[in-house]
Amino acid sequence: MKRIKEVNWTILLVTFLAIFGITFMLLMAKNPIFQSEEGHYTSSLWSEYGALMAGVVGPVFSLVGFVLIFETIKWQKRIFERQQFETKFFELLKIHRENVNQMSHRDPMLSSGEFIHGRAVFILLHRQCLKLSEQVRDLIPQEEHQDPKIYQEKVLDIAFLCFYFGVSEQSVFGLKPLLERRLGNRLSENVLESLLALKSQYDPDVAFYTGHQSKLSNYFRHLFHTLQFVEVAKFLKEEERTSYIQMLQAQLTTYEQAMMFYFSLSTLGRSWKEKNWIETHGLVRSMPPWFLSWVNPADFYQINYEYHRL
Numbered sequence: 028m029k030r031i032k033e034v035n036w037t038i039l040l041v042t043f044l045a046i047f048g049i050t051f052m053l054l055m056a057k058n059p060i061f062q063s064e065e066g067h068y069t070s071s072l073w074s075e076y077g078a079l080m081a082g083v084v085g086p087v088f089s090l091v092g093f094v095l096i097f098e099t100i101k102w103q104k105r106i107f108e109r110q111q112f113e114t115k116f117f118e119l120l121k122i123h124r125e126n127v128n129q130m131s132h133r134d135p136m137l138s139s140g141e142f143i144h145g146r147a148v149f150i151l152l153h154r155q156c157l158k159l160s161e162q163v164r165d166l167i168p169q170e171e172h173q174d175p176k177i178y179q180e181k182v183l184d185i186a187f188l189c190f191y192f193g194v195s196e197q198s199v200f201g202l203k204p205l206l207e208r209r210l211g212n213r214l215s216e217n218v219l220e221s222l223l224a225l226k227s228q229y230d231p232d233v234a235f236y237t238g239h240q241s242k243l244s245n246y247f248r249h250l251f252h253t254l255q256f257v258e259v260a261k262f263l264k265e266e267e268r269t270s271y272i273q274m275l276q277a278q279l280t281t282y283e284q285a286m287m288f289y290f291s292l293s294t295l296g297r298s299w300k301e302k303n304w305i306e307t308h309g310l311v312r313s314m315p316p317w318f319l320s321w322v323n324p325a326d327f328y329q330i331n332y333e334y335h336r337l
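28 is the number of the first residue of the sequence shown in this note's numbering; add one for each residue after it.
A portion of the hints provided could be inaccurate.
Claimed, not checked - No farther apart than 30 Å at their CA atoms in a straight line, the calculated lysine-lysine pairs in the DSSO-like style are these:
#1 K302 with K242
#2 K181 with K158
#3 K264 with K242
#4 K203 with K226
#5 K300 with K104
#6 K181 with K203
#7 K104 with K115
#8 K226 with K242
#9 K176 with K203
#10 K261 with K115
#11 K181 with K242
#12 K115 with K300
#13 K302 with K264
#14 K101 with K300
#15 K121 with K264
#16 K203 with K121
#17 K300 with K176
#18 K264 with K115
#19 K300 with K203
#20 K302 with K176
#21 K242 with K203
#22 K176 with K226
#23 K158 with K104
#24 K158 with K203
#25 K203 with K302
#26 K203 with K115
#27 K302 with K181
#28 K181 with K226
#29 K264 with K104
#30 K300 with K261
#31 K226 with K121
#32 K101 with K226
#33 K242 with K300
#34 K302 with K121
Derived by calculation from the structure, the hints in this document are not laboratory data.
With these hints in hand, go ahead and build the complete structure from the sequences.
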């Protein structure tokens, strides 16, 4: 809206100056002072008329020309900025697709040692994170009169931290301080000990509690950078900004959106929640209410989910 007002004022100014200059020239041409006593025009009077026009109207048209040149330069700058932005944005989308396509992980439920690649990895990651959240929920009792949303967010935070960093003798040292912020010392120890006990029941060659930091850190970092790139583009109108972010959102499968949901509610995704990107741009709108089993995304993000349109 602001840009439209600026352009309108420029058009009005140029139009006014042009009309003023032409009107002044016509009125002065009819003025008797530039005519002889017989009402004729002579070369000397035309010379005086030309000098007056050059002194008065000339600067007006020079100003009009300057304004038009200035607006042309501004317009060319905007075109160049947009071209640069779109080139970079589509390059970021390409990198996102490459990051997803390069992912691979062994399915812990298969004994054949089969690896899954690309987008299918997120189906596996979602299942693991969901199962881990259910295990953590069983280990952490809900306090009496505790807000269900606060309880669910706490469980999801702890589950995602364990899912992200893994549960092992080595990772426990880094996990414990993070869990203590939510649970306190004793309960965090109980949770980690219980998860380690559950891990021991699996085949040691099967990666279930090994962590996924190496896969997801660059994935979420790049998504954050892409969203930030669109957000800080000052020349974009709001509807244009929304359109570009919808292009990004269209690249995300429902399983990727589920991982984004988990991440945003965890300690690691605090900056995402502070910026309110998920709710503002509806980045997880494709998830139905039953997709996360015991958690309804609509309890955390009030957006126009796609299932609302059915």
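Quick rundown of the hints versus the structure:
no.	hint	result
1	K302 with K242	holds, 24 Å
2	K181 with K158	holds, 16 Å
3	K264 with K242	violated, 34 Å
4	K203 with K226	holds, 17 Å
5	K300 with K104	violated, 34 Å
6	K181 with K203	holds, 15 Å
7	K104 with K115	holds, 16 Å
8	K226 with K242	holds, 20 Å
9	K176 with K203	holds, 23 Å
10	K261 with K115	holds, 15 Å
11	K181 with K242	holds, 24 Å
12	K115 with K300	holds, 25 Å
13	K302 with K264	holds, 19 Å
14	K101 with K300	violated, 36 Å
15	K121 with K264	holds, 24 Å
16	K203 with K121	violated, 37 Å
17	K300 with K176	holds, 15 Å
18	K264 with K115	holds, 18 Å
19	K300 with K203	holds, 23 Å
20	K302 with K176	holds, 20 Å
21	K242 with K203	holds, 22 Å
22	K176 with K226	holds, 28 Å
23	K158 with K104	violated, 52 Å
24	K158 with K203	holds, 20 Å
25	K203 with K302	holds, 27 Å
26	K203 with K115	violated, 40 Å
27	K302 with K181	holds, 20 Å
28	K181 with K226	holds, 22 Å
29	K264 with K104	holds, 16 Å
30	K300 with K261	holds, 22 Å
31	K226 with K121	violated, 37 Å
32	K101 with K226	violated, 62 Å
33	K242 with K300	holds, 21 Å
34	K302 with K121	holds, 24 Å
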